[in-house]
Amino acid sequence: MSSTANAKRRLVVIGNGMAGARAVEEILARGGADMFEIVMFGEEPYGNYNRILLSDVLNGSHDESEIFLNPLAWYAEHGIKLHAGVPVLKIMRHARTVMGAGGILEPYDVLIIATGSLPFVPPMAGARFDDGRIKQGVFFFRNLDDCRNITSYAMGKRSGAVIGGGLLGLEAARGLQNFSLDVHVIQRSDVLMSQQLDRPAGLILKKTLEDLGIQVHLKKDTKRILGEEAVTGLEFGDGQKLDCELVVIAAGIKPNSELASRAGLTVERGIVVDNQLRSPDDPRVYALGECVQHRGQVYGLVAPIWEQAKVLADHITGRDSEAAYLGSKISTRLKVMGVEVASMGITEPTEEGDEVVQFTEPKKGTYKKLIIRNGRLLGSILLGDISKAPYLTQAFDRNTPLPEERLSLLFDIGAPSARATIDEMPADMQVCNCNGVTKGAISGCVTAGKRTLKTVMEATRAGMGCGACKALVSDVVAWACGGAAELDPSADYYVPGVPLPKPELVAKIRELGLRSVSAVFNALADGREDPGSKPGLASLLTTIWAGDYVDERDARFINDRVHANIQKDATFSVIPQIPGGVTSAAQLRRIADVAEKYNVPLVKLTGGQRIDLVGIPREDLPNVWRDLDMPSGFAYAKRYRTCKSCIGTDYCRYGLGDAMGLAQVIEARFQGLDTPGKLKLATAGCPRNCSEAMVKDVGAVAVEGGKWELYIGGAAGAHVRKGDLLCTVETHEEVLKISGRFIQYYRENAKYLERTYGFVERVGVAKLRAVVVEDSEGIAQQLDDALQSSVDAYRDPWLEANTPATPNQFVSHLPVIQ
Amino acid sequence: MSAAEALHQRVTLGPISAIPEGEGRNFVIDGRRVAVFRARDGSVFATQAECPHKNGPLADGLLGSGTLICPFHSLKFDLATGKALNGDCSLRIYPASLTDNGQVVVDLA
Numbered sequence: 007m008s009s010t011a012n013a014k015r016r017l018v019v020i021g022n023g024m025a026g027a028r029a030v031e032e033i034l035a036r037g038g039a040d041m042f043e044i045v046m047f048g049e050e051p052y053g054n055y056n057r058i059l060l061s062d063v064l065n066g067s068h069d070e071s072e073i074f075l076n077p078l079a080w081y082a083e084h085g086i087k088l089h090a091g092v093p094v095l096k097i098m099r100h101a102r103t104v105m106g107a108g109g110i111l112e113p114y115d116v117l118i119i120a121t122g123s124l125p126f127v128p129p130m131a132g133a134r135f136d137d138g139r140i141k142q143g144v145f146f147f148r149n150l151d152d153c154r155n156i157t158s159y160a161m162g163k164r165s166g167a168v169i170g171g172g173l174l175g176l177e178a179a180r181g182l183q184n185f186s187l188d189v190h191v192i193q194r195s196d197v198l199m200s201q202q203l204d205r206p207a208g209l210i211l212k213k214t215l216e217d218l219g220i221q222v223h224l225k226k227d228t229k230r231i232l233g234e235e236a237v238t239g240l241e242f243g244d245g246q247k248l249d250c251e252l253v254v255i256a257a258g259i260k261p262n263s264e265l266a267s268r269a270g271l272t273v274e275r276g277i278v279v280d281n282q283l284r285s286p287d288d289p290r291v292y293a294l295g296e297c298v299q300h301r302g303q304v305y306g307l308v309a310p311i312w313e314q315a316k317v318l319a320d321h322i323t324g325r326d327s328e329a330a331y332l333g334s335k336i337s338t339r340l341k342v343m344g345v346e347v348a349s350m351g352i353t354e355p356t357e358e359g360d361e362v363v364q365f366t367e368p369k370k371g372t373y374k375k376l377i378i379r380n381g382r383l384l385g386s387i388l389l390g391d392i393s394k395a396p397y398l399t400q401a402f403d404r405n406t407p408l409p410e411e412r413l414s415l416l417f418d419i420g421a422p423s424a425r426a427t428i429d430e431m432p433a434d435m436q437v438c439n440c441n442g443v444t445k446g447a448i449s450g451c452v453t454a455g456k457r458t459l460k461t462v463m464e465a466t467r468a469g470m471g472c473g474a475c476k477a478l479v480s481d482v483v484a485w486a487c488g489g490a491a492e493l494d495p496s497a498d499y500y501v502p503g504v505p506l507p508k509p510e511l512v513a514k515i516r517e518l519g520l521r522s523v524s525a526v527f528n529a530l531a532d533g534r535e536d537p538g539s540k541p542g543l544a545s546l547l548t549t550i551w552a553g554d555y556v557d558e559r560d561a562r563f564i565n566d567r568v569h570a571n572i573q574k575d576a577t578f579s580v581i582p583q584i585p586g587g588v589t590s591a592a593q594l595r596r597i598a599d600v601a602e603k604y605n606v607p608l609v610k611l612t613g614g615q616r617i618d619l620v621g622i623p624r625e626d627l628p629n630v631w632r633d634l635d636m637p638s639g640f641a642y643a644k645r646y647r648t649c650k651s652c653i654g655t656d657y658c659r660y661g662l663g664d665a666m667g668l669a670q671v672i673e674a675r676f677q678g679l680d681t682p683g684k685l686k687l688a689t690a691g692c693p694r695n696c697s698e699a700m701v702k703d704v705g706a707v708a709v710e711g712g713k714w715e716l717y718i719g720g721a722a723g724a725h726v727r728k729g730d731l732l733c734t735v736e737t738h739e740e741v742l743k744i745s746g747r748f749i750q751y752y753r754e755n756a757k758y759l760e761r762t763y764g765f766v767e768r769v770g771v772a773k774l775r776a777v778v779v780e781d782s783e784g785i786a787q788q789l790d791d792a793l794q795s796s797v798d799a800y801r802d803p804w805l806e807a808n809t810p811a812t813p814n815q816f817v818s819h820l821p822v823i824q
Numbered sequence: 058m059s060a061a062e063a064l065h066q067r068v069t070l071g072p073i074s075a076i077p078e079g080e081g082r083n084f085v086i087d088g089r090r091v092a093v094f095r096a097r098d099g100s101v102f103a104t105q106a107e108c109p110h111k112n113g114p115l116a117d118g119l120l121g122s123g124t125l126i127c128p129f130h131s132l133k134f135d136l137a138t139g140k141a142l143n144g145d146c147s148l149r150i151y152p153a154s155l156t157d158n159g160q161v162v163v164d165l166a
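Quick note, the sequences are listed as chains A and B, same order.
Going by the working numbering, the first sequence opens with residue 7, and the numbers climb by one from there.
Going by the working numbering, the second sequence opens with residue 58, and the numbers climb by one from there.
So that you can see chain A by itself, here it is in the shape it has in the complex (with noise of 0.2 Å):
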């Protein structure tokens, strides 16, 4: 054992980011951890994570704990030193020993340096006090750190600015929209994202930034951050100013490669290294990542580390002592604010009889643009419909021949850009977990002949449970049409039986004075009535008018006919409402008798803080509800819900606003109120945020000054999405006023069946804000109005135990009456 201890050379890693660690992760896969005694130091205490979230976890669709790829714990597992925040002060070569702060000594054989990369400051004036420290305002986006500090500070400010109008410089104005704050982006130059895009594609990007809500400001370069103590602006080239209280530095980055050069490597732009990721100076000392410099090329992406790392550890471990870095080709293929962009190669043609193809769509979105020289991809902008990347990434990173057929490159005529992905997919692989439905399930429906999304949807129920799945169900349909699934022209209706799109079908139910189910089928679709329209008819016929509304119970779902939730043995559970969740001791006694009285089989306590009497017989239903003397809680259709709260400010010690009591008088008003899809609301007393408001359609947070923030568009379901923050308000009547008008906005626009999570990011909470905060549209009284009488024509549904609305209405087996 000693022996082969002995045997183990000393590996010392400087740097623990994307780079170190995943050279290391390499190496341990080629058998290192048995030639190697692995040491590593990295600059901030944490475990190793992927950086390329951070601007996630900045916008808070991540948490911080969700970004790390190797907790601490990893490395003691794999037998590793980790020095973490500790440092490197210095490389002595000649002792073959690394010195990091606090006196520590790590000898080794070998050494790889992996110091990543330093924010590049642009030369301008303010940035700094006299005695060097960074003014307070002024931030960096580099890492957990920089996060974490923007993040505190930027609560309760009104307008941030970013410095850099490159990838990272708009994924940190995304992180700031999220708190509210007016957001700008300078740009240097006159193109957004200039190592990746052209002038037209910049443009374009520029015009969907600003629908979202992001002023951007071209050709600037600031001369000066403005402000005694903190930040108060920033002063232009061209003498203008502009206001902010934040500003992030964001314009890019530059090797970091000072501890190379000290060390006497032989350092350009980055540490310079040749094909085998090493050192010309020092055959012990090996280096990959953002701080290197090879064949001239200085890389500030995750994949060209990737292939670095492989080669490396294939050198290092003597896997394959000829393995060699040629070099990447770039291409990169994100999502910046919702908007999709893929980038490979050049983005000009450089030469003559360069091909130039291109498609312009502006109002879009939508921008195209092919540089391909002897018949091969060199370089590649594809902006807001992104389909074809795969197929001319491999194209260019293959440098294969292109078809004659350019067209057929830029759009989906022929060659399926999703068929290589799925075609890797064996046929037994589950899709629709729901209803467990596979890949070859679905490719057999379509050899049947079923050859639209609908039509396969409807025969194997793929895409019908939770439907997170939807979008791989398209994506493999298509694939078995051997291209794009035929258009399903009710793709494009409110309800399938009904052929018109949501705004041409409400005009006509009022131009012809629809009022009821039957009476849009007649009027609308030949008399034929689909079943499964009917509930969404009558759901939009409520909305559109309120207590005029003809309410025919058979176009309801069972559980809207006995507003009850049916269960799988066909009884239903029973959950009256208790508002913001406060209830009594009289009122759990009652409970508890019902349940006796009634041998209730489960009493369950349920996620929207109230209490399920789960198993009840139809027939018992009126009885319960009369015993019970509670209104409905609604718990069973799609419709507003409840409202969880904490407790607020009544005993709470951290309290800021009355939680509880805003539920209570947002119960009050919602309550069974028709909408699209469910609606589950929140309020909390304070940001820690303890009933989830954040993930909820509609949530109030409180917060410090006397305000509630408005969050719509969150959810905790089959789909996690944080809500997107609406507004801040004053008092109680405004959050009623705001979110009424923003669920009466839904009410309106969305489509049945279709959750605010989904509305929100189809319209934008840009626009969102502009219509219910601003009256952008000038339909804020409009919407207020309609709102009002729905609430007026409020009824507690279970008052019906004493006056029932239809024969029978309770009763489910009935006598044979011979």
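Chain B stretches covered by chain A per the calculated footprint, using a threshold of three residues with CB under 8 Å from any CB of chain A:
(1) 117–130
(2) 135–144
Mimicking BS3-like on lysine-lysine, the simulated pairs with C-alpha atoms at most 30 Å apart in a straight line are:
(3) A:LYS684 with B:LYS133
(4) A:LYS757 with A:LYS460
(5) B:LYS133 with A:LYS476
(6) A:LYS460 with B:LYS140
(7) A:LYS213 with A:LYS728
(8) A:LYS460 with B:LYS111
(9) A:LYS684 with B:LYS111
(10) B:LYS140 with A:LYS476
(11) A:LYS757 with A:LYS773
(12) A:LYS163 with A:LYS225
(13) A:LYS476 with B:LYS111
(14) A:LYS141 with A:LYS225
Hints are computed from structural coordinates only; laboratory data are not their basis.
Bear in mind that the values here come from a model prediction, so they are computed numbers and not experimental data.
Here a beta-carbon is modelled for each residue, glycine too, at the ideal position from N, C-alpha and C.
Keeping the supplied structure of chain A fixed, place chain B upon it in accordance with the hints.
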């Protein structure tokens, strides 16, 4: 009359007015559960009571022109043939009609 004979005959179940328009209700005839539906156009249908997929109560389903959707997992059946339009199971269909005075008659043969 034996039970077997009783099953092979037309049974009068009662007035159609007991079933709300566009809905269905169950009847038990000699231990056999049958769902009877009253369509808005005046026609009547009768099927087995439980969905062959996972025993959903078909009488609580959504009724359209000649089709029925089970409330449990949205299987859709053609009421003329009993065949599921989005699955590979089928329903037992019983011929049903109305007498002149509005009585539902089901043929259980």
